[in-house]
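Q: Spelled out, the chains give:
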Amino acid sequence: DQQVKQNSPSLSVQEGRISILNCDYTNSMFDYFLWYKKYPAEGPTFLISISSIKDKNEDGRFTVFLNKSAKHLSLHIVPSQPGDSAVYFCAASVISWGKLQFGAGTQVVVTP
Amino acid sequence: NAGVTQTPKFQVLKTGQSMTLQCAQDMNHEYMSWYRQDPGMGLRLIHYSVGAGITDQGEVPNGYNVSRSTTEDFPLRLLSAAPSQTSVYFCASSSAGLTEAFFGQGTRLTVV
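Taken in order, these protein sequences are the chains called C and H. Residue numbers 480 to 591, in our numbering, belong to the letters of the first sequence in order. Residue numbers 304 to 415, in our numbering, belong to the letters of the second sequence in order.
Certain hints may be false.
Unchecked claim - Straight-line C-alpha distance at most 25 Å; calculated SDA-like pairs for lysine to any residue:
{"no.": "1", "chain 1": "C", "residue 1": "Lys547", "chain 2": "H", "residue 2": "Ser387"}
{"no.": "2", "chain 1": "H", "residue 1": "Lys312", "chain 2": "H", "residue 2": "Arg411"}
{"no.": "3", "chain 1": "H", "residue 1": "Lys312", "chain 2": "C", "residue 2": "Glu521"}
{"no.": "4", "chain 1": "C", "residue 1": "Lys484", "chain 2": "H", "residue 2": "Glu403"}
{"no.": "5", "chain 1": "C", "residue 1": "Lys484", "chain 2": "H", "residue 2": "Asn365"}
{"no.": "6", "chain 1": "C", "residue 1": "Lys484", "chain 2": "H", "residue 2": "Asp359"}
{"no.": "7", "chain 1": "H", "residue 1": "Lys312", "chain 2": "H", "residue 2": "Glu362"}
{"no.": "8", "chain 1": "C", "residue 1": "Lys484", "chain 2": "H", "residue 2": "Met344"}
{"no.": "9", "chain 1": "C", "residue 1": "Lys533", "chain 2": "C", "residue 2": "Ala520"}
{"no.": "10", "chain 1": "C", "residue 1": "Lys535", "chain 2": "C", "residue 2": "Thr505"}
{"no.": "11", "chain 1": "C", "residue 1": "Lys535", "chain 2": "H", "residue 2": "Glu403"}
{"no.": "12", "chain 1": "C", "residue 1": "Lys484", "chain 2": "H", "residue 2": "Asn331"}
{"no.": "13", "chain 1": "H", "residue 1": "Lys312", "chain 2": "C", "residue 2": "Leu526"}
{"no.": "14", "chain 1": "C", "residue 1": "Lys550", "chain 2": "H", "residue 2": "Glu403"}
{"no.": "15", "chain 1": "C", "residue 1": "Lys550", "chain 2": "C", "residue 2": "Glu537"}
{"no.": "16", "chain 1": "H", "residue 1": "Lys317", "chain 2": "C", "residue 2": "Ala520"}
{"no.": "17", "chain 1": "C", "residue 1": "Lys535", "chain 2": "C", "residue 2": "Thr524"}
{"no.": "18", "chain 1": "C", "residue 1": "Lys484", "chain 2": "H", "residue 2": "Lys312"}
{"no.": "19", "chain 1": "C", "residue 1": "Lys550", "chain 2": "H", "residue 2": "Gly361"}
{"no.": "20", "chain 1": "C", "residue 1": "Lys484", "chain 2": "H", "residue 2": "Ser387"}
{"no.": "21", "chain 1": "C", "residue 1": "Lys535", "chain 2": "H", "residue 2": "Phe405"}
{"no.": "22", "chain 1": "C", "residue 1": "Lys550", "chain 2": "C", "residue 2": "Ser575"}
{"no.": "23", "chain 1": "H", "residue 1": "Lys312", "chain 2": "C", "residue 2": "Pro519"}
{"no.": "24", "chain 1": "C", "residue 1": "Lys484", "chain 2": "H", "residue 2": "Lys317"}
{"no.": "25", "chain 1": "H", "residue 1": "Lys312", "chain 2": "C", "residue 2": "Ser564"}
{"no.": "26", "chain 1": "C", "residue 1": "Lys484", "chain 2": "H", "residue 2": "Gln388"}
{"no.": "27", "chain 1": "C", "residue 1": "Lys484", "chain 2": "C", "residue 2": "Asp510"}
{"no.": "28", "chain 1": "C", "residue 1": "Lys533", "chain 2": "H", "residue 2": "Phe405"}
{"no.": "29", "chain 1": "H", "residue 1": "Lys312", "chain 2": "H", "residue 2": "Thr389"}
{"no.": "30", "chain 1": "C", "residue 1": "Lys550", "chain 2": "H", "residue 2": "Leu348"}
{"no.": "31", "chain 1": "C", "residue 1": "Lys550", "chain 2": "H", "residue 2": "Gly343"}
{"no.": "32", "chain 1": "C", "residue 1": "Lys550", "chain 2": "H", "residue 2": "Met344"}
{"no.": "33", "chain 1": "C", "residue 1": "Lys547", "chain 2": "H", "residue 2": "Glu403"}
Said to hold, decoys possible - Label pairs and their calculated CB-CB ranges:
{"no.": "34", "chain 1": "C", "residue 1": "Met508", "chain 2": "H", "residue 2": "Thr413", "range": "34 to 42 Å"}
{"no.": "35", "chain 1": "C", "residue 1": "Gln493", "chain 2": "H", "residue 2": "Gly343", "range": "20 to 28 Å"}
{"no.": "36", "chain 1": "C", "residue 1": "Phe525", "chain 2": "H", "residue 2": "Ala355", "range": "22 to 30 Å"}
{"no.": "37", "chain 1": "H", "residue 1": "Ala305", "chain 2": "C", "residue 2": "Val588", "range": "30 to 38 Å"}
{"no.": "38", "chain 1": "H", "residue 1": "Pro364", "chain 2": "C", "residue 2": "Gly539", "range": "20 to 28 Å"}
{"no.": "39", "chain 1": "H", "residue 1": "Met330", "chain 2": "C", "residue 2": "Val588", "range": "30 to 38 Å"}
{"no.": "40", "chain 1": "C", "residue 1": "Arg496", "chain 2": "H", "residue 2": "Asp359", "range": "41 to 49 Å"}
Derived by calculation from the structure, the hints in this document are not laboratory data. Computed from a predicted model, the values in this text were never measured in an experiment. Just so it is clear, CB atoms sit at the ideal spot from N, CA and C, and this is done for glycine as well.
Using the sequences provided together with the hints, build the complete structure.
A: And the structure:
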């Protein structure tokens with residue numbers, strides 16, 4: 480029973496354009512959402528997060544949007560750069576749980 | 304600043320062998336967890352701990368044991384390795400109430 484879903488396994492985008500990654504969840508108890516970036520042969524690294532009391536959080540080129548009624552969040556990367564080519568994982572949690580639930584990941588390729 | 308350290312980085316086991324994957328963190332984090340990453344399935348939680356002496360099962364606990372005798376260490380034991388346990392294993396830690404988890408570099412395990 481996958482509670483966090485990333486339905487796009489891959490995304491190709493031109494350098495300088497916007498990358499939009501989507502994530503859906505089913506558990507209404509989740510109150511914290513995160514995005515992680517992963518390069519091959521490395522561990523995931525934290526990118527950006529959002530609490531369920533907000534609908535938007537921005538950090539430089541990265542913005543996460545949360546639509547609680549639709550149980551949907553998205554990550555926008557503007558502008559996309561070649562170094563953004565990686566696998567991006569969406570994750571969700573209840574803060575007191577101490578554990579994260581991950582989606583399957585989206586492979587982003589930024590082309591020149 | 305070491306963060307989360309996993310050893311070994313690579314391991315090949317024969318079916319039926321046992322081994323322990325080591326994980327240590329130096330950030331005094333209360334929460335630690337083990338995930339496995341398989342193609343198309345994202346990161347799945349194996350076991351987690353919210354403090355020394357306290358552990359609980361995740362989504363895919365069968366075939367694995369954990370214990371948490373100190374805050375710093377959280378080893379993962381494979382009792383009798385099976386080919387289905389071929390995967391990349393990640394250890395993570397986080398502070399209580401802060402769901403941003405820090406990950407180790409991973410252990411690539413092959414069971415033949």
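Q: Check whether the Cα positions of Lys484 (chain C) and Gln388 (chain H) lie no farther apart than 25 Å.
A: This hinted pair holds, its Cα atoms lying about 23 Å apart.
Q: Taken at face value, is the distance from the CA of Asn331 (chain H) to the CA of Lys484 (chain C) at most 25 Å?
A: Violated - the C-alpha atoms of Asn331 (chain H) and Lys484 (chain C) are around 32 Å apart, more than 25 Å.
Q: Given a hinted range of 20 to 28 Å, is it respected by the beta-carbon distance of Gln493 (chain C) and Gly343 (chain H)?
A: holds, 26 Å
Q: With the threshold set at 25 Å, check whether the alpha-carbon distance from Lys550 (chain C) to Leu348 (chain H) stays at or below it.
A: Holds, at about 22 Å.
Q: Determine whether the Cβ-Cβ distance between Pro364 (chain H) and Gly539 (chain C) falls within the hinted range of 20 to 28 Å.
A: Given about 38 Å between the Cβ atoms, the range is violated.
Q: Given the hinted pair Lys550 (chain C) and Glu403 (chain H), is their alpha-carbon gap at most 25 Å?
A: Holds, at about 20 Å.
Q: Starting from Lys547 (chain C), check that the Cα of Ser387 (chain H) is at most 25 Å away, please.
A: With a Cα-Cα distance of about 36 Å, the restraint between Lys547 (chain C) and Ser387 (chain H) is violated, given a limit of 25 Å.
Q: Given the hinted pair Lys484 (chain C) and Met344 (chain H), is their alpha-carbon gap at most 25 Å?
A: Holds - the C-alpha atoms of Met344 (chain H) and Lys484 (chain C) are around 10 Å apart, at most 25 Å.
Q: Within 25 Å, alpha carbon to alpha carbon, are Lys484 (chain C) and Glu403 (chain H)?
A: holds, 19 Å
Q: Check the hint pairing Lys533 (chain C) with Ala520 (chain C) against an upper bound of 25 Å on the C-alpha distance.
A: Distance of about 33 Å is beyond 25 Å: violated.
Q: Taking only the CA atoms, is the gap from Lys312 (chain H) to Glu521 (chain C) under or equal to 25 Å?
A: holds, 11 Å
Q: With the threshold set at 25 Å, check whether the alpha-carbon distance from Lys550 (chain C) to Gly343 (chain H) stays at or below it.
A: Measuring from Cα to Cα gives roughly 22 Å; hence the hint holds.
When held up to the earlier numbered hints, the structure conflicts with 1, 9, 12, 18, 24 and 38 and fits the remainder.
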